[in-house]
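2 protein chains.
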Amino acid sequence: MTQMDAARKGQITAQMKEVAEKENVSPEFVRAGIEEGTIVIPGNIRHSGLKPIALGKGLKTKVNANIGTSTDFPETKNELVKLDAALKAGADSLMDLSTGGDLDANRRAVISHCPVMVGTVPVYQAMIEAREKYGAVVDLTGDDLFKVIEKHIEDGVDFLTVHCGVTRNVVEILKKEGRVTDIVSRGGAFLAGWMVHHGHENPLYQHYDRLLEMCIEHDVTLSLGDGLRPGCINDASDQSQIAELVVLGELVERARRAGVQVMVEGPGHVPLNEVAANVQMQKSICKGAPFYVLGPLVTDVCPGYDHINASIGGAVAAMTGADFLCYVTPAEHLGLPTAEDVREGVMASRLAGHAADIVQNIPGAKKWDESMSTARKELNWKKQKELALDPEKFDKYRQDRNPEDNEACTMCGEYCALKIIEQYLK
Amino acid sequence: MTQMDAARKGQITAQMKEVAEKENVSPEFVRAGIEEGTIVIPGNIRHSGLKPIALGKGLKTKVNANIGTSTDFPETKNELVKLDAALKAGADSLMDLSTGGDLDANRRAVISHCPVMVGTVPVYQAMIEAREKYGAVVDLTGDDLFKVIEKHIEDGVDFLTVHCGVTRNVVEILKKEGRVTDIVSRGGAFLAGWMVHHGHENPLYQHYDRLLEMCIEHDVTLSLGDGLRPGCINDASDQSQIAELVVLGELVERARRAGVQVMVEGPGHVPLNEVAANVQMQKSICKGAPFYVLGPLVTDVCPGYDHINASIGGAVAAMTGADFLCYVTPAEHLGLPTAEDVREGVMASRLAGHAADIVQNIPGAKKWDESMSTARKELNWKKQKELALDPEKFDKYRQDRNPEDNEACTMCGEYCALKIIEQYLK
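Chain order of the listed sequences is A and B.
1 is the number of the first residue of the first sequence in the working numbering; add one for each residue after it.
1 is the number of the first residue of the second sequence in the working numbering; add one for each residue after it.
Rather than coming from a laboratory, the hints here were simulated on the basis of the structure.
None of these values were measured; they are calculated from a predicted model.
It is possible that part of the hints are untrue.
Which copy is meant is left open, so a pair is good if it fits within one copy or across any two.
With a straight-line cut-off of 30 Å between C-alpha atoms, the simulated DSBU-like cross-links for lysine-lysine are [what the hints assert, rightly or not]:
| # | residue 1 | residue 2 |
| --- | --- | --- |
| 1 | 419 | 133 |
| 2 | 367 | 175 |
| 3 | 419 | 393 |
| 4 | 175 | 17 |
| 5 | 133 | 51 |
| 6 | 367 | 396 |
| 7 | 77 | 57 |
| 8 | 396 | 383 |
| 9 | 283 | 393 |
| 10 | 396 | 9 |
| 11 | 88 | 393 |
| 12 | 367 | 176 |
| 13 | 77 | 366 |
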């Protein structure tokens with residue numbers, strides 16, 4: 001029985017109970033959210049050792065970390081190091097976006113090492129295998145693509161990113177409208193190219209019911225990809241992007257009718273004053289489905305600092321209702337991230353998510369800040385370290401700068417405001 | 001003649017002309033802004049070699065970097081290294097917050113090395129000298145404080161942070177209201193303690209006219225400090241903070257009447273959904289005076305990542321009208337920053353300011369992003385580097401990750417969306 005089935009029958013599953021406990025909400029709250037489609041618990045029945053995590057309305061903002069090989073760096077072991085770095089930094093989810101080396105072996109290694117949910121984008125592997133098989137990626141058939149999806153499902157992938165909303169109609173709108181950076185999603189670009197080349201509809205849209213059937217058996221969650229997400233500030237919130245979003249809204253309802261858990265992916269590069277509107281539109285058009293955003297990045301000009309860029313957009317998005325933040329690392333737009341980049345990316349997204357959780361009154365969020373500030377006032381450095389988002393980095397800074405473990409810190413030394421107040425005002 | 005005098009007489013000064021050219025606005029726009037008090041050009045007539053920079057309405061968001069010795073790290077030469085790092089990273093302003101070593105020598109070295117505006121907080125030196133002179137900081141007299149201010153003015157400091165709004169009445173409100181972290185501003189804490197100890201009014205409030213007279217002679221700009229800025233999320237936007245802001249509003253009007261350029265400092269730690277309200281209140285209460293914010297930080301729990309924290313709050317503040325962002329480094333709450341921390345802090349604030357400039361239609365802001373995105377689509381790496389916020393970091397990432405200078409980057413390799421689209425969709 002899937003989570004959705006159970007929810008509809010009014011049954012509380014072990015997973016619902018477990019996530020409710022972690023989130024400090026009632027199991028019934030989680031069940032009702034799954035029934036109405038505003039909460040999902042991605043969990044493939046084949047992913048053994050999975051700790052269930054829920055995404056959605058009224059719950060803590062979660063963070064996904066992307067890892068994966070590339071043609072230049074095909075080795076699985078590097079990705080497992082990044083996986084560990086992401087988990088240690090507190091990632092709630094991992095996506096394996098591998099495009100180099102032995103893709104099957106890599107994915108299986110990631111799933112078996114990963115206690116949190118794992119997502120993939122099967123079209124990548126389908127493209128790569130089509131090139132090997134036919135000599136050209138564009139010669140892929142719809143059946144080839146569905147076979148890869150089946151393999152991912154059977155391997156235990158918890159959620160699948162599928163660009164079902166890149167329809168022929170949406171691509172026509174894009175061609176008429178024009179953009180500075182056209183399509184920056186690899187899956188979206190490939191499917192658009194495939195449709196133009198063959199003159200056929202996107203197989204993921206045309207055979208969407210087949211996809212839904214495949215998901216049910218293993219209780220796989222769909223993550224409807226935004227193939228036309230804007231790749232620069234100039235292209236944000238345009239006709240092409242919103243036309244695809246409307247299709248995704250329709251597909252959310254079809255998934256729900258079929259009993260498949262579903263979330264929706266979102267931008268991308270978005271000017272800061274349009275971030276809230278993007279979230280509100282998704283929530284309205286997609287009937288409250290959990291929203292999984294990549295960034296959003298609020299400027300195009302800061303390669304090397306895109307984790308900060310994403311945390312600005314991510315904080316505002318999550319404050320407005322986005323549920324799940326896909327991290328962006330400092331290496332974005334420049335190259336494949338290292339384990340250190342992964343850590344920085346996860347931390348930046350967790351920070352953004354927590355800033356939003358505070359103002360959304362997520363249980364426990366404000367209390368965390370109050371405890372930290374009380375420890376700060378008491379100059380209790382041990383407690384501050386325990387409460388820090390990243391206790392390891394906390395230590396590194398304290399030890400480098402304050403070798404003698406002063407009561408105050410070297411920034412203000414004996415002119416610490418907290419000490420002055422203690423002395424004169426109390 | 002001061003900038004304000006000239007503006008009131010309808011005269012365009014060389015400084016107005018120079019900043020107008022840099023900002024791509026008309027000199028008359030700058031003059032009118034100075035006349036109405038929504039723009040300031042801090043510039044002490046004794047600061048030789050100063051490149052004028054304007055702060056305020058309709059202009060690019062600017063970034064200040066704090067440097068300064070502490071009792072543990074008293075050496076001037078370290079601070080000059082940080083000064084260079086800040087300038088290289090693109091800081092528009094430097095504040096010397098030194099509290100260790102030879103304070104006069106340090107300040108003079110900073111001013112003579114610094115081609116952009118320099119600010120100080122004279123009360124720090126006054127406290128330190130009072131302890132040396134009397135054995136206790138609290139034995140400082142009002143005259144002692146004004147003598148230090150005079151020295152700073154004569155040395156060429158362009159803007160002075162003075163906590164004139166921490167009045168006895170405001171401290172009474174604070175004592176009644178209660179807070180988690182009381183007062184975290186060093187100047188504010190000291191002045192509050194001084195008032196409680198002596199039972200006298202804050203000399204900077206009581207003798208505000210004397211301060212205004214001192215500023216006029218050298219055309220020094222006042223930066224009205226927020227001594228009661230919230231030091232944690234819990235204390236934000238409380239009665240104490242807003243009571244002080246109301247006093248600052250009154251003091252802005254008195255400064256303008258006296259012909260002194262004035263800006264107002266703001267928080268601090270503020271929950272993300274109250275950042276905009278804080279800016280709107282300051283703009284309304286302080287009659288459009290430029291707003292200089294420290295952060296704001298949107299959570300208390302991320303020591304080691306407070307530059308990211310500040311860039312979230314800073315971006316939203318600047319989008320709502322804040323004009324000047326005081327950077328926060330990764331070392332905040334932990335110790336004195338290094339030159340590397342200074343660089344990271346300036347970059348994070350510049351990023352935030354630019355994200356806001358895009359949506360405020362500041363001349364040239366959107367164009368920068370569009371040029372970068374066009375270079376990105378063309379896979380023109382040389383051009384991308386030139387346009388990057390930090391070309392040096394850009395190079396570092398590209399060289400580390402992409403040793404052969406591939407056309408694509410190692411993230412997507414040959415599955416680059418931009419290349420796929422080029423091949424199939426065009």
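Hints versus structure:
For a Cα distance limit of 30 Å, the shortest separation of residue 419 from residue 133 across copies, 21 Å, qualifies, whereas the shortest one inside one copy, 71 Å, does not. Taking the shortest Cα distances, residue 367 and residue 175 sit within 30 Å of each other only across copies (23 Å), while inside one copy they are farther apart (50 Å). When the C-alpha separation of residue 419 and residue 393 is checked against a cutoff of 30 Å, the pair qualifies only within one copy, where the shortest distance is 25 Å, while the shortest distance between copies is 39 Å. Within a single copy, residue 175 and residue 17 get their C-alpha atoms no closer than 48 Å, and across copies no closer than 45 Å, so neither meets the 30 Å cut-off.
With identical chains, the CA atoms of residue 133 and residue 51 are never at most 30 Å apart, being 37 Å at best within one copy and 64 Å at best between copies. For the identical chains of this complex, residue 367 and residue 396 are intra-copy neighbours only, at 25 Å inside a copy versus 40 Å across copies, given an alpha-carbon limit of 30 Å. For the homomeric pair residue 77 and residue 57, neither the shortest alpha-carbon distance inside one copy (36 Å) nor that between copies (53 Å) is at most 30 Å. In this assembly of identical chains, residue 396 and residue 383 lie within 30 Å of each other by CA distance solely inside one copy; the values are 15 Å within and 37 Å between copies.
For the homomeric pair residue 283 and residue 393, neither the shortest alpha-carbon distance inside one copy (36 Å) nor that between copies (37 Å) is at most 30 Å. Taking the shortest Cα distances, residue 396 and residue 9 never come within 30 Å of each other, neither inside one copy (51 Å) nor across copies (56 Å). In the homo-oligomer, the alpha carbons of residue 88 and residue 393 lie at most 30 Å apart both inside one protomer (13 Å) and across protomers (26 Å), since each shortest distance falls under that limit. In this assembly of identical chains, residue 367 and residue 176 lie within 30 Å of each other by CA distance solely across copies; the values are 23 Å between and 51 Å within a copy.
With identical chains, the CA atoms of residue 77 and residue 366 are never at most 30 Å apart, being 39 Å at best within one copy and 42 Å at best between copies.
Violated hints, in rising order: 4, 5, 7, 9, 10, 13; the structure is consistent with all others.
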